[in-house]
Amino acid sequence: MAIENTSIGLRAQDIQTCLQKVELRGLASGKLDVTRVVGMAERLAIHIRGKEVLQNDEVLQAMAGHLGIDSLVLPRVLDVLEEVGFIRRRGDQIYDRVPYFTNIYEPMGEFWQASSPSEIEQVSVQLLDDLAKSPVPEVEIRSTYSITSQDFDLVKRLGEVGSYLRSYESPTDGANVLYSPVFWDENPEALFEMLKKYPTKEIAEAIAGVRDYQGYPIVDLKKPSPSRKDLIILEAMDRGVLPTPSVESTAGKRYFAFTPYSGGIVLTAQERAILDKARAILACVRYGQHFAGVTRIRNPLWIINALEDRKRLAPHSEIPQQYFILWEKGIARFSQDTVHSDRYWLHIIDNEDNMKALRLARDMLTVGEAITERGLDSGVKAILFSGTYDEPLTALAERRQEMSLTRTDLTALLDRIIDEVREVF
Amino acid sequence: MAIGDQDLDFKLRMQAILWRLGYYTRIDVKLASHSNPPRQERRRQSSLVELTDIDVLGIRYDADYTVSYAVADCTTSGRMKGRLSPVARTFWLRGVMDHFQADRGYEVLSKKLSPYEKRVAANLGITLLDESSLQALEERYHSGRPSLRIRLTDQKAYAYLEDNIHRVDSRLAPLLNYRQYMFWQNQANRNLFNAISIVRRVHGTLEPSQKFHRILLLDIVALFSVAFLEACGILFRTNPDNVLKALRTYLFGGPLALQTKEILLKDIRTLVESLQSQPSLFPDQEVTRRLSLDPEYLPALSDMAQRFVSKPSEARNVPRYLQALILERALYDGSTLRDIFAEDYSDITFKFVHDLAHFFQDATGVDLAMFQDLEKD
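Protein chains in written order, with our numbering: chain Y, 1 to 425; chain F, 1 to 377.
None of these hints come from the bench; they were simulated from the model.
Don't take every hint at face value.
Far from chain Y, by Cβ distances over 10 Å, these chain F residues were calculated [what the hints assert, rightly or not]: (1) 133; (2) 140; (3) 194; (4) 258; (5) 270; (6) 355.
Calculated pairs, DSSO-like style, for lysine-lysine (alpha carbon to alpha carbon, straight line, at most 27 Å) [as the list claims (entries may be wrong)]: (7) F:211 / Y:356; (8) Y:51 / F:261; (9) Y:311 / F:261; (10) Y:201 / Y:253; (11) Y:329 / Y:51.
Label pairs and their calculated CB-CB ranges [what the hints assert, rightly or not]: (12) Y:328 / F:99: 47 to 57 Å; (13) F:238 / Y:205: 17 to 27 Å; (14) Y:115 / F:147: 33 to 43 Å; (15) Y:328 / F:291: 42 to 52 Å; (16) Y:341 / F:291: 37 to 47 Å; (17) Y:91 / F:147: 49 to 59 Å; (18) F:268 / Y:327: 54 to 64 Å.
All of these numbers come straight from a predicted model, not from anything done at the bench.
Note that the Cβ used here is the ideal one computed from N, Cα and C, for glycine as well.
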């Protein structure tokens with residue numbers, strides 16, 4: 001499989017989060033076990049990090065329940081975490097060793113690879129990663145995977161029931177296009193329109209370029225001959241497929257493209273606001289990197305780190321213009337330098353949302369999507385950290401969505417029952 | 001009681017008092033310095049010259065990582081060090097206290113002391129103790145408390161430990177040297193690197209079946225934990241949002257020193273890359289790997305710092321847990337840590353000890369079984 005371990009780890013978490021409330025039945029039962037267990041382990045890991053010593057008791061079970069980890073599966077999930085070195089069990093205690101400063105998805109992806117995932121899992125993970133870049137015509141993508149048509153149908157159905165995969169029938173040529181609502185939830189139709197104009201591969205490459213370089217500076221619109229990639233990105237921007245905040249400073253107004261997905265499946269209004277802030281921060285920094293008039297930023301990460309650590313930027317004449325949108329969004333304020341009156345300091349307004357936005361901006365800059373607090377539910381974490389839980393039965397009582405059985409499933413199930421009755425092996 | 005025994009008796013009793021006060025304690029700490037060899041011997045390595053020694057040193061971290069040092073000098077009248085009078089010794093001790101920035105100093109003497117001598121010592125911030133006042137101090141700190149479940153005052157245990165630890169394989173001499181001299185001479189930030197470096201160099205010699213190899217390693221880890229708490233104190237006070245970056249800056253001696261090292265390394269890399277006429281000698285990846293300023297264990301060390309900084313009340317006692325482990329679990333099959341620390345026992349502190357051991361194992365390559373004594377609890 002030509003997919004990096006970190007991507008595998010990320011997609012496993014996406015799949016598990018989407019399937020969290022789905023009871024897989026029939027032929028689908030057990031088909032995503034490795035992926036789901038890895039996804040569960042990742043989610044549990046980020047929730048226990050910082051607890052140091054946990055009791056393997058009902059509080060842990062309750063918290064795990066909220067993350068869709070049944071008490072029957074919990075021991076297996078803990079086995080996985082112990083195997084990758086994120087925990088150590090000692091009697092009835094669990095030592096938290098979830099790393100803070102290395103990416104947890106890389107070793108989890110490696111574990112997934114070493115666990116001999118089924119073909120269904122391999123294709124599910126690869127497909128979701130492919131669809132992260134762009135929707136793809138079904139005929140085209142089917143041919144790239146060497147699995148049977150029946151198995152591909154199962155991959156599709158698993159994705160549909162988990163709502164991480166959908167299909168769309170093109171009104172022009174009737175072709176079926178697969179896309180992932182996880183990545184293209186807001187404006188999929190506009191993207192489908194683009195698919196009529198450009199080959200899927202080119203769109204995927206252009207969007208992958210943005211994903212690898214979040215805050216991609218949109219080329220000068222007056223430029224006589226933009227590259228094909230820039231043309232596609234420009235059209236995606238015009239159609240509202242890619243969010244493109246603008247920054248106006250000494251070099252004029254410039255646009256910076258981002259992919260719509262940032263690594264959080266359920267975006268609440270507050271999370272959307274943080275994402276919006278993170279994009280604004282990165283856009284301002286990219287402006288300084290690509291278009292600043294006086295001194296250009298050599299490494300945008302240094303600026304993000306300085307904003308996080310020192311909560312300010314040293315005085316510069318372009319700050320009020322270049323970072324104006326940060327003032328508008330309540331992320332920063334400016335103060336005039338006492339020595340050079342034409343220069344201004346930038347001060348970050350130190351609150352939780354702004355700090356989260358900075359961390360997200362750093363992840364977008366380095367990895368392309370959220371890593372640090374991806375999938376973290378502070379309410380669920382509080383169950384473990386406060387040591388109390390008011391509603392232990394909530395998770396158990398939560399009604400699970402059931403996967404409906406198809407005719408094929410039923411036939412297979414009946415055949416299996418008959419075989420079992422006949423003791424045929 | 002022989003004179004040497006009485007010295008040791010005083011030292012151990014002072015150690016027990018400091019332990020009761022929450023200090024991590026060491027006996028016979030040597031302050032040494034590199035000597036300048038004569039011109040004709042310049043090619044030889046410089047040797048260490050002992051400058052002075054401290055009979056008992058106590059190091060205590062508070063819940064806000066404030067560090068306190070206490071020093072004690074214990075002398076019988078028949079063996080006055082340097083033939084100094086009690087008052088002269090208090091002046092010497094004041095100098096030692098200043099060196100360590102210690103706020104408590106104790107001078108223990110077997111002879112009866114005059115009120116004048118006690119007053120002079122008090123003016124220097126030193127408590128002058130004779131046999132009767134030492135007993136009074138012990139009673140003050142011991143009364144109403146459960147008995148000490150750690151053999152800090154046991155002369156036989158002390159001799160058993162020290163005699164045998166100095167008889168380990170001669171290839172482990174760098175560890176003994178670090179324990180006895182280098183740790184007390186190095187700057188705290190260098191101590192973190194150095195502890196890992198010397199253990200890594202001798203890890204193949206450390207034998208898990210050898211009790212005193214295990215104890216020696218635990219003692220190095222205890223010293224490492226002292227240096228690490230100092231680093232955490234700085235991170236705690238500067239309250240960084242990025243522990244990895246802050247720790248890195250600390251390890252390399254501050255922002256300016258870090259910058260200098262980075263520039264130097266960049267220049268070396270440029271030089272090496274321009275000399276790559278023999279690719280087999282300098283494969284690309286090998287150059288990048290070897291010419292990296294950051295040790296590969298930096299993320300793991302930062303993880304641990306993040307944990308320690310987040311839970312200072314639990315982290316501050318890690319050296320004491322290691323001291324107790326050495327005396328009661330590794331040296332003897334004695335009291336458990338739960339018994340020793342009673343109601344102050346913390347699962348998280350013990351977990352932090354495990355974290356340190358785990359980190360050492362990864363960073364130095366020592367066999368995990370070298371830390372088997374942790375599993376006895």
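Which numbered hints fail: Hint check: 6, 7, 8, 10, 11, 13, 14, 17 and 18 fail, others pass.
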